[in-house]
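4 protein chains.
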Amino acid sequence: MSDENRFILSRGRLIALTDGVFAIVMTILTFQFVVPIVPVSVIDSELPKKLIELWPIFLCHVTSFVILGYFWIIHDRQFHHIKKVDRTFLWISIFYLMFIAVIPFSTQLLGQYINQKIAIITYGLNLIVILSLNYLYWWYATKNYRLVDDNLNFKLITAASRKILIAFIFYTIAIIMSFVNGYFSILLYIITPIYLFIPVERKLR
Amino acid sequence: MSDENRFILSRGRLIALTDGVFAIVMTILTFQFVVPIVPVSVIDSELPKKLIELWPIFLCHVTSFVILGYFWIIHDRQFHHIKKVDRTFLWISIFYLMFIAVIPFSTQLLGQYINQKIAIITYGLNLIVILSLNYLYWWYATKNYRLVDDNLNFKLITAASRKILIAFIFYTIAIIMSFVNGYFSILLYIITPIYLFIPVERKLR
Amino acid sequence: MSDENRFILSRGRLIALTDGVFAIVMTILTFQFVVPIVPVSVIDSELPKKLIELWPIFLCHVTSFVILGYFWIIHDRQFHHIKKVDRTFLWISIFYLMFIAVIPFSTQLLGQYINQKIAIITYGLNLIVILSLNYLYWWYATKNYRLVDDNLNFKLITAASRKILIAFIFYTIAIIMSFVNGYFSILLYIITPIYLFIPVERKLR
Amino acid sequence: MSDENRFILSRGRLIALTDGVFAIVMTILTFQFVVPIVPVSVIDSELPKKLIELWPIFLCHVTSFVILGYFWIIHDRQFHHIKKVDRTFLWISIFYLMFIAVIPFSTQLLGQYINQKIAIITYGLNLIVILSLNYLYWWYATKNYRLVDDNLNFKLITAASRKILIAFIFYTIAIIMSFVNGYFSILLYIITPIYLFIPVERKLR
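Chains as they are written, first to last, in this note's numbering: chain W, 1 to 205; chain V, 1001 to 1205; chain P, 2001 to 2205; chain U, 3001 to 3205.
So here's chain W without its partners, still in its complex pose (with noise of 0.2 Å):
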């Protein structure tokens, strides 16, 4: 068999994984809400309380949900031209996802100390490498066209390298920002992913 045959089989299996990855991160980020446990005595008054105060959990949680969704539909669209994969595209793949993956950690992290700056500031570096590790594997994937298609247009390839910066930049000035206020830095990384909706579909198509 050819190194090419090889290199799309390869292709076939890393989605695969990439997909089960997203699936079970989406899954197990709910896995922060705990059922509170309220002696039966005070359970009318208190239970709803204790689902309330659930809130900050609620809001990190659907904020994570929206970004793994992006990062999902970005990965989606990239390989719609990525054809192939060799070896060192997959070790930067199974990086990739090492922090796909810890997620659901620093989500949570940011759910329990939500006005704490080092829970911010880890949350926000967690994003951080994502998108350095997106960046990487776009850049080598399309370098001298390596891996995508040979008549791919190259204004795509630099918008969506273009569309990841942009983010990269929004998740570091929301890291800065935490030290003067920790909402708008979470506010920061709520809107990115809405921010960038929009215009990269634009480009992108």
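To be clear, the hints were calculated from the coordinates, so they are not data collected in a lab.
Bear in mind the structure is a predicted one, so any value in this text is a computation, not a measurement.
A portion of the hints provided could be inaccurate.
Rough simulated footprint, nothing fancy, chain P against chain V, three-plus residues with beta-carbon under 8 Å [stated by the list, open to error]: (1) 1026 to 1032; (2) 1041 to 1051; (3) 1180 to 1187.
With a Cα cut of at most 30 Å, we get these calculated DSS-like pairs of lysine-lysine [as the list claims (entries may be wrong)]: (4) V:Lys1155 x P:Lys2084; (5) U:Lys3117 x P:Lys2049; (6) W:Lys117 x U:Lys3050; (7) V:Lys1050 x W:Lys49; (8) P:Lys2117 x V:Lys1050; (9) V:Lys1083 x W:Lys155; (10) W:Lys84 x V:Lys1083; (11) W:Lys83 x U:Lys3084; (12) P:Lys2155 x U:Lys3084; (13) W:Lys49 x V:Lys1084; (14) W:Lys83 x V:Lys1155; (15) P:Lys2049 x U:Lys3050; (16) U:Lys3049 x W:Lys117.
Glycine included, every Cβ here is placed at the ideal spot set by N, Cα and C.
Given chain W's structure and the hints, the job is docking chains V, P and U onto it.
Relative to the frame of chain W, chains V, P and U by itself:
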């Protein structure tokens, strides 16, 4: 590559992601069954008693599993007709998966506090949000035959929509009824998928 | 689209869902291995002791894993012949998956209380329900060649059914034997898949 | 249907099951990161300290992730050549997956007790059993070209076997070295996949 082809590729991955999330949610539903810890001295008498005490959890487990099976079959049927996906559709689906992933939490809440109004309402709201998003993506996909076959029978489209609306109404009644009698609500959660089973089959064919 | 085609599509997704559930169940079986917490002062002597104490859990783990492997191989073989699925078949399969998903719980119960009748019986009942549903969907699919190839060898159909029935009988004996000697029951749970290994292979070919 | 076709069908499902198990194991590896609980009064000083204390867990996490990535890539490469599977091969693979699934436990044990001989040995034994089963199924598949292409280069077969043996030897040394210096063992666990990275690539091509 044309947009058309791109959207067909994404459809396959969306299905893989959805099947992954359903498989995980169906499996981690069982996490609410915790092996009871019983002191050695009273193990013979206490262990069977503790296991029997799990019955409300088992009841909720079966209910949620049947409902998940129902949602999965609806999704499968809808995707027989949905031939491609666009970005808006992907986002609706991601929010749909977000609330599918919350089912283990709301099931566990209901299992722990089966006679508490707040638990019954939370569970019902979870189902209603899922149905709403299901309705929304079906409406979006079929509107002007955007993502479905041109020759798809119009009656089939409205039959599928009507089916979701009926479940929506039933679950709304269940939530309202929880102010009168909680067990009636739970009964309604269970019988809705069973009731819809036969007529839907007839209509969809 | 014809009904025929629709049912073939659903078959692929049912297999994906089933493989997903098996993969997760096989992995979360290990959740019963909890890293023991040992005070620093006695760590050298206590940690190895605590790890060795995990042996009944390890025994149950291997047993369940082999049984799951066995169920998965049966499922795979059956689906070589099952060429399409209908809604009734999907529902039987969903109930089948429900009880596959319960295996980590009943395994953990058995691992914790290996000499308790109730744990041995619960475990056995779990397996028997799975075998019954397995028998049911195989019967449903092959009845009048409903979902299988018209030219499928009749002997193969009955051989597969007989194999399931033998396991059913063995597990029933194991449950009854638990009133006499629990370890004999566990032995029977383990050797049944091993015993069936060779003859089944011969018959199915 | 001929046996030949049946075995090719099973191959696809075995790959799906394997990718599922790897995706889950890679994700639940992160379960060892537990968000620390810190009293509100000392949160500013204690939380960063507690997070930094997680470093041995993080180290073990990265090690296991790289090793899992390595195993997954080996598996992928081997299945470029393994064209069909038989029942014996399926059973070896199921035992292989059993020990892949144990990695989160042995990783967590090592993370908790990084300077305990028993933890280092357990971790090493886990890896050695995986390598042995990997060697076994590769030997079984390639013996008399049983499950691989007839025209598969003999040098490639022995190169892949040799690669597994080298890792086997390295991990055995690591276990023996744990009686002298535990950190050396851990170092060896980490560098083995990195060391094997480049030569294997060359040999396998």
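We went through each hint and held it up to the structure:
no. : hint                  : in the structure
1   : 1026 to 1032          : holds (count 5)
2   : 1041 to 1051          : holds (count 5)
3   : 1180 to 1187          : violated (count 0)
4   : V:Lys1155 x P:Lys2084 : holds (25 Å)
5   : U:Lys3117 x P:Lys2049 : holds (13 Å)
6   : W:Lys117 x U:Lys3050  : holds (14 Å)
7   : V:Lys1050 x W:Lys49   : holds (29 Å)
8   : P:Lys2117 x V:Lys1050 : holds (14 Å)
9   : V:Lys1083 x W:Lys155  : holds (29 Å)
10  : W:Lys84 x V:Lys1083   : holds (25 Å)
11  : W:Lys83 x U:Lys3084   : holds (25 Å)
12  : P:Lys2155 x U:Lys3084 : holds (25 Å)
13  : W:Lys49 x V:Lys1084   : violated (44 Å)
14  : W:Lys83 x V:Lys1155   : violated (40 Å)
15  : P:Lys2049 x U:Lys3050 : holds (29 Å)
16  : U:Lys3049 x W:Lys117  : holds (13 Å)
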